[in-house]
Structure formats: C-alpha cells, structure tokens
Amino acid sequence: MLLVEHFPVIIVGLSMFLAYTMLLAGYINRRLPFFMSLAMNCFFLFLSIFILDHVLTVGPIRYWQGGWRPPWGIEYVVDAMNAYLLIIVISIVILGLIYSKRNVEFEIEERKHVTFYTLIQLMAAGLYGITVTGDLFNMFIWLEIASLTAYALIAVAGGRALRPAYNYVIMGSIGACLYIFGVCWLYSVTGTLNMGDMRLLLPLVYDNKAVQMGFAMIVVGVMIKAYIFPLHLWQPDVYTYAPSTVSSLMASVHVKVMFYILIRLFYSVFTLDFIRHYIGLDLLICWLAAIAMLAGSIWAIKQRNLRRMLAYSSVSQMGYILLGVGLSPLSPWGLVGAAAHILNHAVSKGCLFMCAGAILQQEGLRDIRDFVGLGKKMPYVCAAFTIAALSMIGIPFTAGFTSKVFLILASLDAAQSPFVAVLLISGLLNLVYFWRVIDQMYFAGHGGTDNPAEAAPRVTSGAAKGGRPIPLSMTAPILVLASLCIILGVLWLTDIPLPLIDHILSNLRMEATI
Amino acid sequence: MIDMMTPLFAISCPAVAAALILLSRRHPNIREAWTIAASIAMFLLVLSMAPLIIRGETVRCILFQSMFKGIYIGFKVDAFGEIFAITASSLWVLVSFYSIGYMRTLKEHAQTRYFFAFCFAIMGAVGVALSANLITLFIFFEVITVSTYPLVIHEQSPEALRAGHKYLAYLMPAGTFLLLATMVTYYLAGTTDFTPGGIRALASASPMIIVGLFLAFLLGFMKAAWMPFHSWLPTAMIAPSPVSALLHAVAVVKAGVFGIVRMVGYVFGMDLMQQVGLWLVLACIAGFTMIVGSFFAITQDNLKRRLAYSTISQLSYIILGAALLTRDSIQGAMMHIPFHGYMKITLFLCAGAILVATGKTKVSEMAGIGKSMPVTMLAFSVAAIGMAGIPPVCGFVSKLLLAKGAWAAGSYYGMVFLAVILISSLLDVIYFFPIILTAFFKSPAGTADENGNAGDGGREEIKEAPLLVVAPLAVTALFSLAFFFDQNIFYIYDLARMAISDLFGGG
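Protein sequences appear in the order of chains A and B.
Residue numbering for the first sequence follows the working numbering, starting at 7 and increasing by one per position.
Residue numbering for the second sequence follows the working numbering, starting at 1241 and increasing by one per position.
If you are wondering where the hints come from, they were derived from the structure by calculation, not from laboratory data.
This structure is a prediction, so every number in the text was calculated from the model and none was measured.
For every residue, glycine included, the Cβ atom is placed at its ideal position computed from N, Cα and C.
All the given hints hold, so there is nothing to weed out.
Chain B stretches covered by chain A per the calculated footprint, using a threshold of three residues with CB under 8 Å from any CB of chain A:
1) 1297 to 1306
2) 1384 to 1397
3) 1419 to 1432
So these bits of chain A aren't anywhere near chain B, every CB distance computed over 10 Å:
4) L20
5) P76
6) P77
7) W78
8) I176
9) D213
10) K215
11) Q218
12) P236
13) I285
No farther apart than 27 Å at their CA atoms in a straight line, the calculated lysine-lysine pairs in the DSSO-like style are these:
14) K383/A with K1347/B
15) K1406/B with K382/A
16) K1406/B with K308/A
Bound-form chain B, shown alone (with noise of 0.2 Å):
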C-alpha cells in the first residue's frame, strides 16, 4: 500500500478543465486546448500507476475520514480499477479529438456546455474506477448521471428532453437503490471498502439480507443496463455521437457492469455469491439479456440503435464472465471492459462519421457507402468483426477466455452458459455482417434514381468526413486489431492477471 497523490491528481483533471472551459467560452480553440490538455494529463497520471500496480502494490489516496466510523472518502486503485481508469482515460484523449471535429463540423449549439459536462462525466467514470470504497464510489456514480444529462437532452428537441426524462427517470432510481445498498452494506458491516475476495463481515448475514441486498445492488447498478431495465439506453441514443461512443459504450455503461464486477469480486466475494445461488441469478439475467438483446438488435434499422443494442447484450458478456465465478471468465469479463471499449467507440463512432459525411442514420440508407468512406467503414468492419468474436480482433481473446471460464465452471450451467455465449456471438453476427454487405457490396442505385443523377450516385468518389472525426475512430480499430496481438498495450494483460491473483490468491 502506497500513499499518492497521483489518484487525486487524475480526477481533478477534468474537474480543472470544466472550470477553465467555463471561463474561456468566448475563445473556442483555447477551450478545446483545455480538454484535449487535461484528457491526455490524467491519461498520462491515469497509466503512471500501473507499474506500481503490476509489482503488486495498491495505490491508496485519502482525501479525508468521513463522519461514519471506519469510512474513508477517497482512492484505492488496484488492478481491476485501473484497466477500468486506463479505458475510460485512453478514450476520452481520442473522442476529444473526435468531438471538437464532430462539433464543429455539425455547427451544434451550446458547445461549451457540450464539453463542461463531458469533463463531468469522465471525472465521475475514472472516480468510480479508482474509488475506494461504496460510499466514494456512490458519489461518483451520481455526477456521471447529473452531468451526462445535458450531454443526453443536448439537441433540446421534445423529443430530446423526453429520452432525457427516461434517462433520469431508471437512472436516478437505481442511485437510489444503490445507496440504500451501500449503507445497508455500512450497516451489516461496518465497512464498505473494496476488499478482494469479499467483505468478510457480510458472510454472517442472514441469506435473505443478502439477497435483498443484492438485488439493491443490482438495481443500482441498472447503469449495466441489464434486461429488463434496458430501456434508457437506446432512448439516450438521441444524443450527438461522441456523447454515445464514450459514454454510452464505456464510461456510464462500463461503471454499471464495473460495479457489477465490484459487487460480485470484492464486496459479496466469490464464496458468498456461490454459497447463496447469486450468481446463477446473475448468470441467467446476464444470459437473458445477451440473447435478447442481439435479437432486439437484429430488428433495429437506426445504427446507434442497433449498436445500443449490441451494447446491452455485449455488456452482459461481463456480467455473466463476473457471474461464473471462475479464474478464466473473471479474467475475461475484466479484459472484455477495454477490448469491448475500444471496438464498441470504434462503431460509434464512425456512425457519427456517417452522419457528419453524409447525414444518414439509418442502415437501410447505407447502401455503397462503404465506397465512398473507405476508411470509416474499414475501421467498423474491423470493430464488427471484433464483437463477433473472430479473430483477429481483440474480441476474440476476451471471448475466447470467458468460453473457458463457463467450460471450467463445469456442471450442466457451464455448459449452458457456454452455448450462450457462442449462439451470441452468432447473432452478433447476423446484425453486424448485413451493415458491411450493404456498405461494401450494394450499390447506392435506388438512391441514385431517385436523385435523377444516376452517375453521381454510382460513381466511386471518396467524401469522408473530416480528418479530426476520421483520426480517431482510425486509431481505435487499429488498437482493436494491436489487442490481439499483443494484451498488453497498456498494461492491461498483466493488470488483468494481476487482478485475479488478488482475487483468487496464488499466480
């Protein structure tokens, strides 16, 4: 145990940059000089903790002891929290770029409250990544659902403020249902601070309470967006498209199955969750909702619906890993938040290049696009196939692991649960192939006559969007494909494994 600034440092980043973002709201390159500076600084103090973490060390940051006896508001960054911290902060340095190109390119009004409240919002995602315990991480949890509102609402429409209603109307909720569970947690057990392996007090707890206690946790951590409790999520689509790629592929929906990984590792702990039948329950909803959420996106015509959809079902992927409560699928669910995040921001955002290129949202309308936005589309076809889990995408490793996890699981449920995935993994791919057929192989004709000018139509002309919105969704799927080969670009392989040794004991 290290004491550090470094955790501290990192938060205020985004919080320094909203206040200056404020202030120079009249100049608009010094204000994205702002947050371009604080996304790559607490990037930077973000990955300057992993070798420390690697050796085995946990970085520990108080900001003060809270008025409850044993409770410390502050940080405690271990291995799982810092892949968590290392994705939501590599992100947030390449949708900056991508959102100062998107932005503009668009004219989109109110700018300056765009990026005061996504400084918020990665404050409150990397808070809850590198948090300590409930009670910090409850705090944390609430600034991602305040600030992400105006990000959700930002076109202001009716139609906008009432996705925004619906977002606040299953989010704020579940913040609810989450601090009941965190002092619940206080009260049985006198502590609420992350502990791998579990929360030994909780153990003596009659099971009913636990469950009880569990379903408030996972109530509040409807973030997860896990079925039935879906709904927010494609509805929050309405907003602009890198308010989708982060937030609502990585930084709120990640805090959602982060804290599901928390609850599972390092608050109930694995023996307790075996030893009341949770993680069946968690199992079967997480089942559930990655089966019926591909179906749901099969049926979608809109492209950020279908990719939210692909979201709520991927995002289960790691629920159940946690569920299954074995090395291998603990290891991958873990390693599935950043592979995940950086194929799923990949398709965001090149849905958002579409829409910036040309206008188009729907599927339907993307016939021979592929054509006239080579590098878009190559880089969606890359992240496609990833989330499919072919390789070689990075998909395919944290697939591969959670397979062998529900293998080793064994008994009827692994094998279940192994089917699950794979027939997943199927329906991944039936909803994502169609997009790059239509945009590579089918020619743009009805579209073309309708225009009157078939040879415009026809003709292979490049017209991508602009290089700021194209760089970045480029490097993504770069890193998507680098995943494969090597895990352990930013550490993650090793944090990952670290991570399960503190978990589980032994190497």
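Looking at chain A on its own, in the form it has when it is part of the complex (with noise of 0.2 Å):
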C-alpha cells in the first residue's frame, strides 16, 4: 500500500483528534487553538494535493479501515470527485480559520474562543469525512458530526442567532432522520452499506418499492440540508444572524457537501439507469432547481439586509447547481457545470459573506441602503464585492460565467430549452439585486443623494459603531477569493480543467464523454 493510499484517513482522523486536542490546548492559552487548526488544515491541503494527483495519475484510493474488507469494514474511497472537493473544503476552511482570527474578536465574547475553534474543526472533520468515505452509514456519522457543530456555530453568536439556530436543528434533524431511513430501506434489502457493493446488488431489486422508498427519503434527506427551496426556510435567519466566518463557510463548503452527497448516491450508490428509467427524477430535479433558482433571486431582490439578500442568492445559486445534477443523466456537461459550480459559488459566495462581516464589523452597517460611499470608506473590500458580485451575474472572465456556460450547453445538449431561458433570467435577476449593492457602494448619492433625510442620520449611527480598517488577516482571505474568481474564470475556459473533468465523468462510469 502506498504512503498517498493513508492520507484521506490521516486527514479525517487527525482532525477529529486535532479538534478535541484543541479544546484541552485552549486552557492552557486562548490563542493554541486557532493556530494548531490553521497549521494543520494547511498540512491537510498540502497532504490532499497529493491525493489529486495520485487519483489523476494512478487511480481511484480505496483503503479499508482496520483492513478489514469492504462489505464488512468501513470502505474510504477517494476519486476524481472527492479529492477535487477535498481541496476546495480545505483551502476554504484555511481562508476562513485566518479570517476568523480578527472577526471573532469583534463578533463573539472572549470565553467563548476555544470552543468556537473547536467547533469549527469538528465540523471541518465532519466535512472531511462525508468527502471521504464510501460507506453510507458512516457517511450519515460524518453529515451528523458537521450538521451538530454547525447548529452550535450558529448558536455561539447568542441573542437573535439562537432561535433561527433552534431551527436549524428542527429541519436538519429532520433532513438527517430521512437520511438514516432511506439507508436503512436500503440495507434491509440489500444486506450492505458499502457504496460499491450496493451498486452491485441494486440494479436486481430496482423494481424494490422499498429501494425506491429509500432512494427518495435519501435524497429529500439531503435536500432540506442543502436548502432546495422549499425547503430552505429555515436558511435565510441562519445566514443572517450567525457569525460571518461561519455564515461564509456554510454558504460556501457545508452546502456544497450535501450536493457531493447527492452526486454520490446518483452515480456511485445507484445508477443514471435508475434515476432515468425506475423513477424518472431526472426532469423533476431540474425543474425544482428552476423555481428555486427563481424564486430565490425574487426573494433576494426584495431584501434590504445584505446578508439576507446574500442568504437568498444561495437558494437560487443551489439551483444551479441541482440543475447541472438533475440534467447529468442526460448530459455530461450538466455533471461539469454542477462541479465546477461546486468550487465557483463556495469562492464567489465565500467571498461575499466575508465582505459583508468586513463591512458590518469596520462600519457597522447591515443595510444596502446604507452603503452610500463605501467604495471610498473600503476601497479593497468593495472590489473584491464588486468581482464576487459581478461573478455571481456571470460576467466573462469571472468563475459565475463558465458555469452559466456549462449549464447552457447542458440544457441545449439534453434538448431542454427551458432551462437555457430559466439560465438566462436569473442571471439578469441576479444583476438587478447585485447591482443594486454595487450602485450604493460607488455610484449613489454625489451631488443630490436619492434621499439625503433618509440615508445620512442611519450612516451616523452606524459609524458610531464600528470605524476602525479591518485588519490584514481579514482583507487578505476576501482578496484572494476575488481573485480566484478571475482566475477561476479564465481557467475554467481553458483547457487546463478537462483531465480533471474527465476523470471525474470516468470515475462516476459516465458513459459519455465531452
């Protein structure tokens, strides 16, 4: 067995290790904990670059925990998908740890740091986890382990945070009880938790009730954590009000898990066969992402607090994203926008709720219509906002373009024209309330103000607030994820990404390639 074959396990099992370590380091000094967690995740992204490249170049890692075989021992198995999304999870969990460092000194009480660290390595754990493993038991283990932390995350920001956190925990509960009862529907016919056996045994019993019982509750299991829009209720408070460093890395990395969930189960539990023949879900997928990719930018037009509106933008980005999965069984271009999607919303998306804790802690202002003459007030945070804004619409040259493009030509390749012009529209939806942002910050209220009695008395209040420049460790982490948003935008229209594309297609045994 090669050195590579260990570090998935190395990685999840030391973070958990690491976070519990932490907790005991943090009563000997405060400020142990952050610096571990940053030294080591950023020992787990160098460890899971050579992951990539050993899937790239030799092959899919599959190690058996304890060395016993798969049917019966917990299988991790890591390919294309995964190790792509491990580096994504990682490098935002880095940028957000070194984020954190400041905006948890302005945002939560000093007593409560250590567990705060500690809560976010756990749930970084429980994300490394779900993005390892090939096991569905132990995957709920994992999705547990992220969705408990992320309810205490919330929480630890106290007053309005506790009820929309005490929400959270209704609906993920209920979205975790669906998952474990799908699973067992499914081991009670199948007699394994394995993902690989399971696909083998499945496509006997497709016809089952109870796998396709258990199919669906999985999948709706999932859908509430990945708030798809009816379900998202409980989604907007919990952005509002959490603490921006979590906010950020809940929009960004922990929704995006529960979307590698439902691509795992699609093409590694069942089969596109299934989806397509048995249950036909493939079209009601996509257009459940229609509405909420409309619905969301709608709701996002109407809100006034930017982190609401942020919140709103999500839902409707999820869609995008549930758009390129539910269009995969037809073509594969849908599998390549849901990926690249995946990394382009967690950079663009990451970047905007760090903006928005940037400028709540420097002025104090929550409010879009307050943000007159901030692009002067915070010239580096502005920018960056204006490139993640722009990313978000799907300008060229920035990452939110490439997926649009990707999720066209998926629409136009599996001969489903409505989504091109569903596409279409929530791209200009989501200029109209990003421009708005974008407006208020540069260009509003020189000379005659739109509504000088109204906006210059809440400006002072705000002011009184906050005022002092962000410090370093919070504008760095904005820049370099705007920045990746050009990049990204430039690379994904090269031809650089393609191998990685197509190994990943090959890893899902997507018959065709592009």
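Take the two lone chains, each set in its own frame, and fit them into one complex as the hints suggest.
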C-alpha cells in the first residue's frame, strides 16, 4: 500500500483528534487553538494535493479501515470527484480560519473562543469525512458531526441567532432522520452499507418499492440540508444572524458537501439507469432547480439586509448546482456544470459573506441602503465584493460565467431548452440585486442624494459602532477569494481542467464524455 | 494565416494602462500620460497588421484552447475586423487628448475612475473587432457593457443613475440574448468561428431555428440601437461629451453594428440570409430606424440628444448595407463604419466644446455661436455636411456605395430602400442645417437683451474652448474631408475591398 493511500484517513482522523486536543490546549492558552487548527489544515491541504495527484495519475484510492474487507469494514474511496472537493473544502476552511481570527474577536465574546475553534475544526472534520467515505452509514456519522457542530456554531453568536439555530436543529434533524431511514430501507433490501457493494447489488432490485422509497427519503433528507427551494425556510435567518465566519463557511462549503452526497448517491450508489428509467426523477429535479433559481432571486431582490440578500441568493445558486445534477443523466455537461459551480460558488459566495462581515465590523452597516460611499471607505473590500458579485451575475472573465455557460450547454445538449431561458433570466435577476449594492457603494449619493434625509442619520448611527479599519488578516482572504473568482473564470475556459473533468466523469462511470 | 502576438499586445495596451492609471491616481499628469501612451501604442500595433491583411493574410492569435471542443479563445484579424479596430483605436488617440482638456476645464470629479473605465471600454471595442469567434466576441461585448456603466453615470446625480439603470436594463438582457445565440450556434454548428460566407453547418438547420437564432442575435446586438430598442442611447447622453463621442458614436454602438455585419456575412452567410428571407426583415428594421430616427432627431432641442438620434439613424445605414447583401452595399456598410465614426465624433466633440466654452447644451441657445467659436462650428459644419452625404466629405463616398448597392439589389425592394436612403439623407439636411444656420447667421439678440449689455453679446469676440479640446475636433473634421479625397488613409479602402473579396470571392 502506498503512503498516499493513507492520506484520506490521516486527514479525517487527525482532524477529529485535533479538535479535542485544541479544546485541551485552549485551557493552557486561549490563542493556541487557532494556530493549531490553521497549521494542521495547511498540512491537510498539502496532503490533499498529493491525493488529487495520485487519483489523476494512478487511480482512485480505496482504503480499508483496520484492514477489514469492504462489505464488512468501512471503506474510504477517493476518486477524482471527492479529491477535487476535498481540496476546495480544505482551502476554504483555511481562508475562513484566517478571516475568523480578528472577526471572532469582534463578534464573539472571549470565553467562547476556544470552543468556537474546536467546533469549527469538528465541523471541518465532519465535512472531510463525508467527502472521503465510501460507506453510507459512515457518511451519516460524519453528516451528523458536521450538522451538530453547525447548529452550535450558529448559536455561538447568541441573541438573535438562537432562534434560527433552533429552527435549523429541527429541520436539520428531520433531514438527518430521512437520510438514515432511507439508508435503513436500502440496507434492509441489500444487506450492505458499502456504496460500491450496493451499486452491484441494487440493479437486481430496482423495481423494489423499498429501494425506491429509500432513495426518495435520502434525496429529500439531503435536500433539506442543501436548502432546495421549498425546503429553504430555515436558511435565511441562519445566514443572517450566524457569525460571519460561520455563514461564509456554511454557504461556501457546508452546503456543497451536501450536494456531493447527492452526486455520490446518484452515481456511486445508484445508476443513471435507475434515475432515468425506474423513477424518472431527472426532469423533476431540473424543474425544482429552476423554481429555486427564480424564486431565490426574486426573494433576494426584496431584501434590504445584505446578508439576508446573500442568503436568498444562495438559495437561487443552489438551483444552479441542482440543475447541473438533474441534467447530468441527460448530458455530461450537466455534471461539469455542477462540479464547476460547486467550486465557483464556494469562492464567490465565500467572498461575499466575508465582505458582508467586514463591512459590519468596520462600519457597522447591515442595510444596503446605508452603503452610500462605502467604495471610498473600504476600497479593497468593495472591489472584492464587486468582483464576486460580477461572478454571481455571470460576467465573462469571472468564475460564475463559466458555470453558466456549462449549464446552458448542458440544457441545449439535453434538449431541455426551458432551462436555458431560466438560466439566462436568473442571471439577469442576479444583476438586479447585486448591481443595487454596487451602485450604493460606488455611485449613489454624489451631489444630490436620492433621499438625503433618510440616508444621513442612519449612516452616522452606524459609523458610531465601527470605524476601525479591518485588519489585513481579514482583507487578505477576501482578496484571495476575489482574485480566485477571476483566475477560475479564465481557468475554466481553458482546456487545463479537462483531464480533471475527464477523470470525474469516468470515475463516476458516465457513459459519454464531453 | 499567420500566428502573431500583435493582437494580444494591442488589446493589453489599454488593460496595462488601466492598471497604471489606478496606481498613479495621485499624479494627474502621469496618469494622463499613460492614457496617451497606451492609445498611441495600440493604434500603431493595430495599424501594423493592416499591410499583412491587405496581402491576403489573416493574423491569428490563439490565447488558449477552450473547454469546448473546437473552440479557442483568441483573435483572428481579417480585413473587416481591422477596419473597425483602426477606427476605434485611431479615434481613441484623439479623444484621449480631448478628454484631458474637457475633464480638466470642467474640473470633473472622479477623473481616475473615468480614465480607468475608458481604457476598459476601448479594450472591449477593439477586442470585439479582433475576436476570432462568437465566444470571444461575447466576452468583449460584456466588457464594454460593464465598463461603460461608470462612464454613463459619471455625474452620479439621480438622473444619471436612472440613465445608467436604463442602459443596463437594455444592454444586459441584450448580452443574455447574445450568449444564448452564441451557445445555440455552437450547439448547432460545433463551431463559432467567423467564416467568410457563413458557417456552413448552420445551413442544414431548420428555417424555424434559423429565424429564432437570428432574432436572438438581433436582440443580442441591441448595442446597434435599432428601433424599437434604441431608447437607451439618447438617455445615455447624460455622460460627459468625450464618452458620448467615443463610446456612443463609435465604440459601443459600432460594436453593435459590427456584430450585425459579422452575423450577416460571417455567421449566417449571404446565401442563408437570402434563402430564409431574413435580409428583408433586417432591411425593414434598418429602413424604419433610418427614417423614424431622423424624425426624432428633428424634434430634439438638446444638441447631444439630437446627435444621438442622428446616430441611431446613421447606424441603420450600416445595417441596411449589410442586409441588402450586394457587394457594393456591404462595402459601403463597412466603409461607413470609419467614415461615420469620424464625422459623428467631430459633431459630439463640437457639442462638448460648446459646453466647455459657453455651457450651452440646447440648439435654440446657439445663435451666433459660429462667430465666437469659428473653428468648432466650421468643423461642425463639415461633419454635418458629410452626414447628409454631400461632397466633399467622406459621408458621400459610403452613401454612394450604399445607394449603388441598393440599386444593384434590383427588384422593387432595391428601389424602396434606395428611396429610404435618399429620404433619410434629406432628413439629415433638415435637422443639421438649422443648427449651422442658427450658429452662423442668427445674431444672439435675445440673450444680449436679457443680459442688458447688447454690446458684449453682439461683438464678434473669439471665445474658443481650450486647445486640447479644439485641436482633436479640428483633426477629425480634417480627416472627414481627407477621406473624401483619398479613401485609402489607414488602408480603409483596400481593407474594405479585401473584406468584400473574402465574402464574395474573386477580385
């Protein structure tokens, strides 16, 4: 066994171990947990790059825990899809940690710092675990770790965050229950929990109602956690009132991992054949996605609180990924679009939430209408916000443009032209609510303001709270993410990611290639 | 086909300049020097490709292969693209000088942002001109849209913001349609490369799809301000004059008509346009816009708005030329791009100069202004005469070609559109000549009386705008004259001939 093949389990195991060590170390020195977490996650990033390289050059990694053979033991399987996701998750967690250093000092009282970092690290461990595991029940364990820590992390902010956290506990638990029930149904029919094994056994019983029921329950359970439109009700409050770091981590990676579960379920547990011919779910999912895209945007337009607007924007953007997943049985471009948007949205939305946090910290502003002249006061943050917003709108040379193009191509390829229209309209709706913010930041209120009487007093009351320039440790991750928006926007257009895409498609056993 | 990096260098001139402008924002003189340097460098780079192209070569510059099979992102400079690139880049040089004079005299705010955005807008326009395929073209189209927004709302008053929102409300959906059209073309044909005579694989698609695609393209090229999707252009005239001049007479709107000519000649091809009957649709839209645009122009009192409607009407000459599908008409259309560019920019620069010198924006206030601003108004008259297609100004040349093309199209339709061209030219006379007459021959008695010091108003005192403002507009007016006598300045004539022989074959 090669050394690289141990890396996935090292990452997950060490993350868990580290979380508890951090808790102990926190008693010695409050500042220690942050540095431990940062150092170890950088180390994990280093390892995960080797994993990706190994997967692309040698092939998928299959690791048997404790040497137990798969149907009995827990197997970790890493192919191109999760190696790719693992790098994204770890990188964003690192950036989030750097950002959190000073942001947490501002937002959370000091006695909670140690537990905050412990919880962040535990959540990261959960996300890493979901990403690398090849076992349905093991995935549930990691899912619960990631979710329970998320509930706690939201509640850390206290005050108004408590109720959303409670809502999320209820909804998240229902989702988890549905997931575990679904897994039970599948287990009762096949007698196995290993994904690869299940994939071999299931085709014989695709007609079985228990299998179909199990599939449906898992899908709905995951959809609650991924806040697909009608199931999104818990999400806007959570994103609005959670600590900035947590919102940004949840919006950028937590929810992406939920989509990863969905993709795994579709391709590594079930087959396209099942989805298309036995339950005909693909188009239903596409329509759900289309509704989510439009409804999310429309609700976002109505918002005045920046973070709530971003939250609804996320609802809409999850529609993009879901559309990609839904179209993937019909066209390989769908999966490319979903995979690309997982990364692109993680980068752009992560950046936007961090900007929102920075604006709150320096100027004390939440309401978009108060952002007049912000471009002068916080030039870097506003520039980053603009770039990330353009990426969400889908202007060329930004990341969002490429995923939009992939998805349009997928819809054309699948002969589902309504979704082309939905994608294009959704882009325009994004324009409406993001441009409003850009306008306020840079262009509004010179000479004759729109409504000076209304704007003036609010600004002063806000400025009283903040005013101290945000530190470099917060600006840097924001700028890194903003520049990534542009770098990815060019990179996805080139043919450089093609090998990765080919591996993802072939590892997920898609028949067609692009 | 030669592979060269020149197009990339040309495009990167403004991008580099934009970065440098941002860095030297505290030193206005250095900041402006970058603009001048970049504009001259870009013009020379663009011009340096012309001799190669006239020899029948195509300059290609592949930036990278894209994710999509058979598509690269990059530049391919053919004769037609070169014409537009030369137009945009040569005018940028002059407008750069003008901008400096204009912005400094009026002590405008946010000048760094202005020059920064201007660079990107020009980059977009030249990028559109040089791009090799629809995807690249689309990318630069969006660059234009986004980068011109800060210029349109430069004043930042609520009115300017509303104009900006209108601007986006038209052009962003247009971009969406263009993206749709691009993707559908790629899906149908497997390529989006501009091919003289059309992409062959498109011909096998069903007529319904072709019509749909055509409509998507047409809406996508809303930048051409064809009616009824034109009203963003007059509204955008709230921008500073240099912006209206270069962007809304040349770069932005010409990018739109450039796209339409590209679509007709290089995506669908003349045969397909003829077969499906799309040429008639396009020609009708163009004819309608030419006439109605002129009527709108007559009613405007604000000089810049009048010019904007004149632009709308003139742009449709180009669209009409492309739609008629004859050798002469398309050549006329291609040559009208630089010629109209030079004439219209002169007019806008004059409007700006009048604003700088006197603060007047309305035609009715301009009585006697020809005496106090002789150079400006002389330049204005030259350009206005050219607009109406009267020799010896270059507008005559392109309009003659267009008329010949309409004649050659034969049948009724040809005659109808010939009539449209003539009527529209007549209308040009109707809305331009009163301005000249008012400026030169009407004495500003009314204003003098109001002020109570008739002597001051009546005296023929020369009160021109600063040199940096007047010189560029004099130069463009001279060029408008020179183009009449030698159409081959900047290789325009040869390039147009070359483009026609690319499209139709033969010499």
